[in-house]
Amino acid sequence: MYRISFENGKTYIIKDNGEIEEDENKNEENLQVIIVKTLTREKIEQYRNKGVKIFECKESQDLCLSKVLKILFGKPKSCKFT
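Take any residue in the sequence shown, note its place counting from 1, add 1185, and you have its number in the working numbering.
Heads up, simulated PhoX-like pairs for lysine-lysine below, C-alpha to C-alpha not over 20 Å straight-line:
id	residue 1	residue 2
1	K1222	K1238
2	K1211	K1238
3	K1211	K1195
4	K1211	K1222
5	K1238	K1255
6	K1252	K1238
7	K1222	K1195
8	K1222	K1235
9	K1211	K1200
10	K1222	K1243
11	K1252	K1195
12	K1222	K1252
13	K1243	K1195
14	K1235	K1195
15	K1195	K1228
16	K1222	K1255
17	K1228	K1238
18	K1255	K1243
19	K1243	K1228
20	K1228	K1211
21	K1195	K1238
22	K1200	K1252
23	K1235	K1211
24	K1238	K1200
25	K1200	K1255
Rather than coming from a laboratory, the hints here were simulated on the basis of the structure.
Between the sequences and the hints, there should be enough to build the whole structure, so can you do that?
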């Protein structure tokens, strides 16, 4: 299970079985991956210091989450949004 967040604060949980659900807990504690539209040196330093992995994605949130899911778990049978 991974906690993924976008720069706008929307946070999701990606489960091992391919389910993606919105996480109501908005704090950055236990955050594992941040999805950014544009990668900058400042963002790299900021999130590296927190131990958070950074993923650059300019597409829609659903497509970005699907891409992260594929990277984290390989090719799932399906992607389920709950």
